[in-house]
Amino acid sequence: MLLEIEQMETFIGQYHILHGITLSVPAGEVTVLLGRNGAGKTTTLRSIMGLAPAQKGTIRFCGEEIQAFPPYEIVRRGIGYVPEDQGIFGDLTVEENLKVAMKHKDSAAMERLQWTLELFPDLKTDWHKKGAYLSGGQKQMLSIARALVQDLSLLLIDEPSKGLAPIMVEKVAKALLHMKQKTTIVLVEQNFAMASWVGDRFYILDDGKTVAAGPMKELKEDQELKRKYLGVS
Amino acid sequence: MKWEKKWIFGAMIALFLFVLPWIYDSRSTLILITQIFIFAVFAMSYDLLLGYTGIISFGHAMFFGIGAYSTGIGLMRNGETWTALLYALGITVILCLLLSHVVGMLSLRLKSHYYAMLTLAFTGLLQVGAEKWRSLTKGNDGFTFHIPEFLMDRKIFYLFSLLFMIIIFLFLYQLISSPFGKVLQAIRENERRALSLGYQVVHYKVWANVIAGVIAGLSGMVYALSLRFINTSVFAVDITLDVLLMTIIGGVGTLLGPIIGAALIETAHEMLTELADVHWLFERWIILFGLIYILVVLFFPKGIVGTWNEWMKKERWKKWNRLGL
Amino acid sequence: MAIWLNLTVNGLATGMLIFLLAVGLTLIFGLMDVLNFAHGGLFVWGAFAGIWLFARTGSFLLGLLFAVVVGLILGWFMERWIIQPVYGNHMQQILITLGVMLVLSEFIKVIWGPNQLSAPTPEWLAGSWVIGGVVLIKYRLFIILVGLLVFLLAHFLLTHTRMGLIVRAGVMNREMVQALGVNIQRVFMGVFMIGAALATLAGVLFGPYSGVIYAEMGLEYAIFAFIVVIIGGMGSVMGSAFASAIVGLSGAYVNYLLPDLSLAVNMLIMLVVLLWKPEGLFGTKGVKG
Ligand SMILES: Nc1ncnc2c1ncn2[C@@H]1O[C@H](COP(=O)(O)OP(=O)(O)O)[C@@H](O)[C@H]1O
Ligand SMILES: [Mg+2]
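Protein chains in written order, with the working numbering: chain W, 63 to 295; chain G, 461 to 785; chain H, 563 to 851.
Some hints here could point you the wrong way.
As the list claims (entries may be wrong) - EDC-like, lysine to aspartate or glutamate: derived pairs with alpha carbons at most 20 angstroms apart:
1. G:K571 - H:E737
2. W:K244 - W:D213
3. H:K671 - G:D698
4. H:K671 - G:D737
5. W:K271 - W:D147
6. H:K671 - G:E775
7. W:K242 - W:E173
8. W:K161 - W:D213
9. G:K571 - H:E685
10. W:K165 - H:D822
What the hints contain is simulated information worked out from the structure, not anything from laboratory work.
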């Protein structure tokens with residue numbers, strides 16, 4: 063397993079947000095986190111990144127316990143993050159946004175940049191445009207690209223389809239399938255069509271706990287589970 | 461039971477303070493205790509902001525100074541009559557109301573830093589203003605004035621200040637136990653939550669600010685009456701710092717804290733001023749206060765009363781645990 | 563005409579000093595959400611330390627250098643031992659920096675005594691040039707020059723280096739910068755130390771400009787810097803530069819026309835900005851509570 067989380071509990075301020083998250087992410091697959099609004103999906107990702115440090119439980123990445131590490135140590139070990147609001151720096155251009163993520167400029171990094179720009183050629187045309195002026199879809203692509211230029215083995219993506227037009231959603235989904243060849247992905251997704259298209263296996267979160275898991279194929283058939291936790295029929 | 465005990469205890473202390481001048485008639489002690497009463501009121505008004513609503517002001521002296529100047533100027537211009545004092549009261553209340561409202565509306569909808577900065581800047585402006593407008597204030601040299609005959613007596617004035625403190629204490633006690641006060645504390649605990657519960661947070665903050673401002677103005681009035689002298693130092697940052705120290709050392713978010721803090725700081729002032737004759741280093745006692753203040757903020761943020769309450773709570777828990785409850 | 567030119571030079575010189583104070587304040591605030599009320603204390607320390615060494619050695623440059631070093635050290639100390647322990651708690655932060663301000667200015671009095679000290683102008687900067695009937699005081703031009711250099715350098719660093727990009731990005735979204743692998747703690751430390759050094763630099767430059775230095779001047783100038791930061795927008799160096807010029811110039815002109823109103827006019831500008839554009843003229847950062 064690339065990533066293994068056991069009984070993770072997270073507090074934000076005085077609030078107990080996560081009550082026991084247990085999940086394993088095998089290398090080379092897309093693991094989808096599902097669950098209603100407020101179930102704790104975003105917080106789970108932020109806890110993995112060390113942005114909302116977990117107070118209890120363990121997070122193991124490549125066998126190493128990382129739950130007590132600061133975010134930069136976690137990133138250095140090869141985990142990238144695309145947040146729910148994309149986290150684009152509005153005053154910086156596309157180029158500058160990418161530069162913030164590129165610590166080194168060695169040949170490997172340039173290769174990654176090349177690969178990323180081939181995946182999202184639109185970014186090249188907007189190279190000098192400020193982040194604030196990009197469309198929602200462009201912002202999403204930039205945010206993913208910004209993670210990809212780093213040396214990753216695991217990518218955490220929070221609801222990339224949120225607020226995008228269907229055609230954009232398709233584009234992003236295709237990009238994810240393409241990226242799968244290079245990196246393992248943990249995807250938080252409310253859009254069930256997209257989740258079932260790109261996902262290999264799923265976890266369902268409810269009220270800060272993992273309540274169900276399995277291969278994505280099974281979930282497609284399990285109407286009961288879907289109705290209970292996801293509100294889809 | 462518990463509740464009643466508290467009040468009986470309080471009443472006994474109040475009674476003791478009422479008869480104190482006839483038991484122990486030392487002029488300097490009376491003056492000191494009178495100052496403590498006045499600053500206790502000032503600090504309680506500050507705690508309504510800092511402790512109960514979570515608003516940080518670095519310019520609470522502006523209201524204090526306005527009250528003091530209204531009194532001084534009013535009594536000097538209109539003679540030492542009760543009517544003049546009443547006028548001064550009216551002017552203090554109106555000015556403090558207006559100013560606190562304006563400052564609050566401007567900055568309380570923004571991040572807490574803005575209010576802190578704005579109050580600091582406003583008070584600086586008032587101090588410079590008081591220095592420049594010499595025809596009215598005589599600047600930094602200040603001026604003396606007379607007060608109504610009745611208040612001239614030290615004992616009477618002592619009782620007057622004590623009564624003043626008790627009335628404000630009871631008023632604030634009522635206020636913080638009222639629904640309004642509960643909302644203020646909800647804002648302090650979690651502003652976003654209070655907002656999502658549908659409270660007009662800004663509105664509540666502005667009102668807390670107005671009430672604190674007016675009470676501070678009143679304490680400034682009594683302060684001026686006690687000194688019968690006034691200069692621009694009433695607007696100085698030192699005054700704000702003193703009140704910060706009193707509130708924080710005494711215990712934020714309690715009404716007793718500021719009173720205890722006022723007693724401590726005023727007594728320390730007095731002692732250190734005397735010690736300054738012994739060694740010059742004691743003249744720099746502000747450093748000592750500053751260091752204590754930093755240490756308290758770092759390690760002791762609940763202050764004396766808050767820490768005591770917490771400790772008591774723990775003790776009670778232990779007792780219950782022992783009883784197996 | 564000559565008088566207006568003179569007032570302009572004066573105003574710009576004052577503005578530059580305020581700018582040097584405001585840069586640190588605005589960046590520290592923008593990046594760390596820390597409003598450093600002790601910034602004025604650093605200003606005083608720069609003045610006293612620098613002028614002291616200048617008086618001892620006769621070298622003003624050495625004094626400048628020393629002030630900067632003192633700023634770096636004090637900045638390191640404050641960030642590490644005062645700010646870090648209360649990180650994430652706004653109330654404690656604000657309260658504690660004010661306490662530090664107090665202690666810093668009182669320590670000045672312990673070391674150098676409670677009275678003001680005179681601060682002479684270094685010989686090579688004394689006097690003035692007369693150009694076309696206008697008298698230009700050399701030292702004031704020197705301040706403007708230093709201020710401009712700092713501004714250009716800061717601007718270059720912020721726009722053309724990765725470190726600068728990180729600082730700007732951090733002002734916009736601190737969490738995202740961390741999620742991209744930046745050790746934000748180090749960035750904080752760096753910005754805090756540089757901000758402190760610029761404040762002490764402003765202090766020592768202020769010495770010969772005013773002729774005297776005294777412990778209370780820290781708070782006076784910090785208030786100007788706060789006004790500038792509010793007008794310009796928290797986190798914006800450009801905004802601070804622009805607002806410093808406004809505050810310096812309006813102060814100079816109004817002081818000439820209506821001497822009693824010079825501080826009031828700056829407050830008035832600030833109030834107008836707060837009402838009309840609370841995030842400041844160049845601000846991009848959210849200001850809502
Ligand atoms: N900073 C925060 N402060 C307080 N509560 C929070 C904070 N962030 C998230 N929460 C709460 O934690 C719960 C889980 O949130 P989140 O992880 O964003 O859920 P999801 O991404 O599944 O919609 C929600 O109830 C939310 O209100
Ligand atoms: Mg979410």
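Hints, one by one, checked against the model:
1. Note on K571 of chain G and E737 of chain H: the hinted pairing holds, with a Cα-Cα distance of about 19 angstroms set against a maximum of 20 angstroms.
2. Of the pairs offered as hints, the one joining K244 of chain W and D213 of chain W holds, with about 11 angstroms between alpha carbons and a cut-off of 20 angstroms not exceeded.
3. Taking the CA atoms of K671 of chain H and D698 of chain G, the gap is about 16 angstroms. The hint holds against a cut of 20 angstroms.
4. Simply put, K671 of chain H and D737 of chain G have alpha-carbon atoms about 17 angstroms apart, close enough for the 20 angstroms limit, and the pair holds.
5. Our distance criterion of 20 angstroms between C-alpha atoms is broken by K271 of chain W and D147 of chain W, whose separation comes to about 23 angstroms.
6. Under the criterion of a C-alpha separation no larger than 20 angstroms, the hint pairing K671 of chain H with E775 of chain G is inconsistent with the structure, at around 45 angstroms.
7. Restraint check: the Cα-Cα separation between K242 of chain W and E173 of chain W comes to about 17 angstroms, which is no more than 20 angstroms; the hinted pair holds.
8. Between K161 of chain W and D213 of chain W, the direct Cα distance comes to roughly 14 angstroms. Compliance with the 20 angstroms bound is thereby established for this hinted pair.
9. This hinted pair does not check out: K571 of chain G and E685 of chain H have alpha carbons roughly 47 angstroms apart, beyond 20 angstroms.
10. Taken as a hint, the K165 of chain W and D822 of chain H pair is broken in the structure, with Cα atoms around 54 angstroms apart against an allowance of 20 angstroms.
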